[in-house]
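Note that the protein sequences, when read in sequence, are chains A and R.
Using the working numbering, the letters of the first sequence correspond one by one to residues 1080 to 1298.
Using the working numbering, the letters of the second sequence correspond one by one to residues 134 to 413.
Derived by calculation from the structure, the hints in this document are not laboratory data.
These figures come from a predicted structure and were not determined experimentally.
Check the hints yourself; a few may be wrong.
To be verified - Residues from chain A that keep clear of chain R, each with C-beta distances beyond 12 angstroms, as calculated:
no.: 1; residue: Ile-1081
no.: 2; residue: Leu-1094
no.: 3; residue: Phe-1206
Claimed, not checked - Subject to a maximum C-alpha distance of 25 angstroms in a straight line, what follows is the list of computed BS3-like cross-link-like pairs (lysine-lysine):
no.: 4; chain 1: R; residue 1: Lys-320; chain 2: R; residue 2: Lys-268
no.: 5; chain 1: A; residue 1: Lys-1195; chain 2: R; residue 2: Lys-234
no.: 6; chain 1: R; residue 1: Lys-270; chain 2: A; residue 2: Lys-1195
no.: 7; chain 1: R; residue 1: Lys-268; chain 2: A; residue 2: Lys-1211
no.: 8; chain 1: R; residue 1: Lys-348; chain 2: R; residue 2: Lys-287
no.: 9; chain 1: R; residue 1: Lys-274; chain 2: A; residue 2: Lys-1211
no.: 10; chain 1: R; residue 1: Lys-348; chain 2: R; residue 2: Lys-152
no.: 11; chain 1: R; residue 1: Lys-260; chain 2: A; residue 2: Lys-1211
no.: 12; chain 1: A; residue 1: Lys-1211; chain 2: R; residue 2: Lys-234
no.: 13; chain 1: A; residue 1: Lys-1195; chain 2: R; residue 2: Lys-393
no.: 14; chain 1: R; residue 1: Lys-270; chain 2: R; residue 2: Lys-234
no.: 15; chain 1: R; residue 1: Lys-222; chain 2: A; residue 2: Lys-1211
no.: 16; chain 1: R; residue 1: Lys-320; chain 2: A; residue 2: Lys-1211
no.: 17; chain 1: R; residue 1: Lys-234; chain 2: R; residue 2: Lys-348
no.: 18; chain 1: A; residue 1: Lys-1211; chain 2: R; residue 2: Lys-152
no.: 19; chain 1: R; residue 1: Lys-320; chain 2: R; residue 2: Lys-152
no.: 20; chain 1: A; residue 1: Lys-1195; chain 2: R; residue 2: Lys-260
no.: 21; chain 1: R; residue 1: Lys-159; chain 2: R; residue 2: Lys-348
no.: 22; chain 1: R; residue 1: Lys-222; chain 2: R; residue 2: Lys-274
no.: 23; chain 1: R; residue 1: Lys-222; chain 2: R; residue 2: Lys-234
no.: 24; chain 1: A; residue 1: Lys-1211; chain 2: R; residue 2: Lys-276
no.: 25; chain 1: R; residue 1: Lys-270; chain 2: A; residue 2: Lys-1211
Ideal placement from N, C-alpha and C gives every residue a C-beta, glycine not left out.
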Amino acid sequence: MIWDWQYAFEILPRLLKVAHVTITATLGAFVVAMILGLVLAFARRSTNRLLSGVTYFVVEFIRSTPPFVQLFFLFFVMPQFGITMGALMTGILGLGIHYSTFLSEVYRAGIDSVDKGQWEAATALNFTSRQKWVHIILPQAIRPIIPVMGNYLITLFKETPMLLGITVVEMLSQAQIIGSQSFRYTEPITMVGIFFLILSYGASLLVKRIELRMDINRR
Amino acid sequence: MSNIQSTERPHTEAPIEGKDPIVRFKNISKSFGDLQVLNGVDFDLYPGERVAIIGPSGSGKTTMARLLMTLEEPTDGFIEVDGRQLWHKEVNGNFKKADEKHLHEVRGDIGMVFQHFHLFPHMTVLKNLMEAPIKVKGMSKAKAREEALAMLEKVGMAGFADQYPARLSGGQQQRVAIARALVMHPKVMLFDEPTSALDPETVGEVLEVIKEIAKDREMAMLLITHEMSFARDIADRIAFFDEGKIQEEGPPSQLLNEPKTERLGEFLHRFGIDGKGHNV
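Pulled out of the complex, with its shape left as it was, chain R reads as follows (with noise of 0.2 angstroms):
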């Protein structure tokens, strides 16, 4: 039996004192249909700030990450990225639906990692990360270039630059499609349940990846995962989704040993971790 408390916690805690977030959402409602998935989400995101979202499948966390991405439309609320409105433009005092140009020049503050990676298949390794430097961002070739080969040799892949996705494995394609969103410097990064696609043998290479950049502090980290154990490694705080909301959430060590809901009890108890805290 060991204790949950782990001892290798790398990091200093967030630095958020004094700050304003750098993500906002207040009041985030979204449906599909008749399907309430979020449902009233008020969470705050601060810079530099490392968060873990779990819950159980369906329960919106993923839903939460493709709003702020602007891959899905709320259906109610606000949200703001480093004090702008995201799906908002403000004209006269009032709100109005963001057209893609707003759209366009806030997203650009937001990164992402997706479950299935979705490189590009028809360009290599190198191309794929230096695509939008050059076509966004308006960087020059050379510079682009060596940006990519150097976050490439971060997370560990240089030796493949000039391969096509396709010839690599889950956890290499995953960590090329982390560098993928690195160059572009988003001062948010999104994770959406990045190793729950791969083999289980090739989950630790991205996992290491992932820790390795959380030291930088560069950006705030959204996490959603089912890896309870790195959750509370990586985390300064977690926050626990069902049925639509945030049902629970504060630092590792107080969520993942004393739940103080039934449900998040439960949902723990799912992952062979008992109410105290200890792998049963």
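Just chain A, same shape as in the assembly (with noise of 0.2 angstroms):
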């Protein structure tokens, strides 16, 4: 037989240990995500046109050019300009960088998304412009994109493995490391996978129920 249950069972405690890893460079990309995107789709939207150009070629910029290349480049070269971070920070910090430029993108459209009158509304009610943008325009404009964040979320978690790339071992380098040392690749490699699959349909899960929370048209 292919699968052995008592190896499985045997190398469960090994991977469960790294699974905090996977988890918070997750969740901390996509915190950094969600707050540096906002702030790049406030600057794109800005009627200074210089912060606005400047934000679109460096969205552009960090869009075009792979993940791994950015994580490896804050990593390995950042050091030598003085600035020295743990490898798991700045695979948040790279991780979450790459996916503010996406969500930058989703924010605009959801900001676009919200009817022109509300603005109206909001400034006949002599609302500060920074009350426009967190009493009225945001809650509106967040509800109909939490599917596609839900998505850029369950797409940033299956790609932290590629934090092996600048020595952090989260779950699926880790099932890699057991494999090698036991030369049976199969057991580690389906557990992390099932372990994925659980966690990613749990987040589809979740957003799917904020999503209906959210939805003022079945309250």
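Dock chain to chain to rebuild the complex, using the hints, since each chain is given by itself in its own frame.
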């Protein structure tokens, strides 16, 4: 039999021991992406042409280069300029920055989807610019883009194994290490696959719930 | 055949004598690119006064309200609100373009009801009314809630406080939108074709609410409307807009019964009112 249950149970603790690395990297990077993405979306919409133009260039540049190259650059090149961070921290920042460029475009679409009349009504009630964004526009802009953001979360989650490139050992790289020690790859790799499946599916269910919860037409 | 002169005009004459205008348009022009929408408009509105603005589509009447609400910026001219410049700041005797801070200060005197209501869809009816008093005026939640409920009562929507706007009919949404503007207690209220987007059967309920508010005379009202009989019933003065200018203005009886300009005569005719104030 190809599948050895006893072996599988033996290595399970070693795999789960690094599960938190995968989860921390995913959630950390996504939080960075959500915040930075919003900042980029605002900068892109700025009436200041220089700011808007530079942002456009930066977004296109980051979007068009592989995240692996960016991670590599952050981890191995930045220290030469005196900027040193832990491997996991670098991974969180690197993936976060990469995905922020995608999320900024998603935000932009969400913001553009809010009816112009909402801005006008908010002006007529004399809300300040900040209040308009926080209380009127963003709550309406986020709702339709939740499914798309959920997709990016899951894609990001599945790309965390690339952090091996900067020495972060998460689940898939742990599985490879285990495999190389015992020459049995089927069990660890399969188990990691199932782990990803369970968490991805769980996340998509969660996104669905949030989506329904925020759907004003169902209230 | 009925005479346009209504017997049910409920109000006293406009109490404008000896008062300074609350809104003053001085030689206001507005173009969108090559299109000149307003062409040197002079117009005064007095405290507590109710003025209806009529005229064909595209004549610039909506633009006038939008300039006053600071949704559009005039190309030329001055607007005063309660003695203060709206779009300009006076610095050492010179007029400078107003910044957002200045606009924020002055526009608090103005409220607006839109053709398409523009209620906030992510908030309940009650929250729609409470948000601005709390956030903009710094009112306490309890007080804002109390005022909001009282205002909903006034527009006959008290039973819908916890509903979301999407569940309401157009007429109901517009009544909520009116209440939302009223809780800010503006000195001037703009109604931009408040019934044009409504199903015919809900127009009446909204007009009733506006009439009810008009009785209070707490604020000046500028009503852009196509409802001629409503304008006649409610307005102290009607201004007829065409080609970016006020062509004619006066009390409803005079303006509707004895139009001086051919244009107004033609316009009224299209609404089934002949040159002598008779329905045809």
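Hints, one by one, checked against the model:
1. Ile-1081: Nearest chain R Cβ is 54 angstroms from A:Ile-1081, so the label holds.
2. Leu-1094: holds, 43 angstroms
3. Phe-1206: Check fails; 6 angstroms does not lie beyond 12 angstroms.
4. R:Lys-320 x R:Lys-268: Since the Cα atoms of R:Lys-320 and R:Lys-268 sit roughly 19 angstroms apart, the hinted pair holds (cutoff 25 angstroms).
5. A:Lys-1195 x R:Lys-234: holds, 22 angstroms
6. R:Lys-270 x A:Lys-1195: holds, 24 angstroms
7. R:Lys-268 x A:Lys-1211: holds, 10 angstroms
8. R:Lys-348 x R:Lys-287: holds, 13 angstroms
9. R:Lys-274 x A:Lys-1211: Since the Cα atoms of R:Lys-274 and A:Lys-1211 sit roughly 19 angstroms apart, the hinted pair holds (cutoff 25 angstroms).
10. R:Lys-348 x R:Lys-152: This hinted pair holds, its Cα atoms lying about 19 angstroms apart.
11. R:Lys-260 x A:Lys-1211: holds, 15 angstroms
12. A:Lys-1211 x R:Lys-234: Given that 25 angstroms is the threshold and the Cα spacing comes to 15 angstroms, the pair holds.
13. A:Lys-1195 x R:Lys-393: Violated, because 39 angstroms separates the two Cα atoms, which is more than 25 angstroms.
14. R:Lys-270 x R:Lys-234: Holds, at roughly 15 angstroms.
15. R:Lys-222 x A:Lys-1211: Distance ~24 angstroms between R:Lys-222 and A:Lys-1211 Cα, so the pair holds.
16. R:Lys-320 x A:Lys-1211: Cα-Cα ~23 angstroms, so holds.
17. R:Lys-234 x R:Lys-348: violated, 34 angstroms
18. A:Lys-1211 x R:Lys-152: Violated, at roughly 36 angstroms.
19. R:Lys-320 x R:Lys-152: Satisfied, since the Cα-Cα distance of roughly 14 angstroms is no more than 25 angstroms.
20. A:Lys-1195 x R:Lys-260: holds, 20 angstroms
21. R:Lys-159 x R:Lys-348: Roughly 29 angstroms between the alpha carbons, so the hint for R:Lys-159 and R:Lys-348 is violated.
22. R:Lys-222 x R:Lys-274: It is violated: about 34 angstroms lies between the C-alpha atoms, which goes past 25 angstroms.
23. R:Lys-222 x R:Lys-234: holds, 11 angstroms
24. A:Lys-1211 x R:Lys-276: holds, 22 angstroms
25. R:Lys-270 x A:Lys-1211: holds, 14 angstroms
Checked against the numbered hints given earlier, this structure breaks hints 3, 13, 17, 18, 21, 22; the rest are met.
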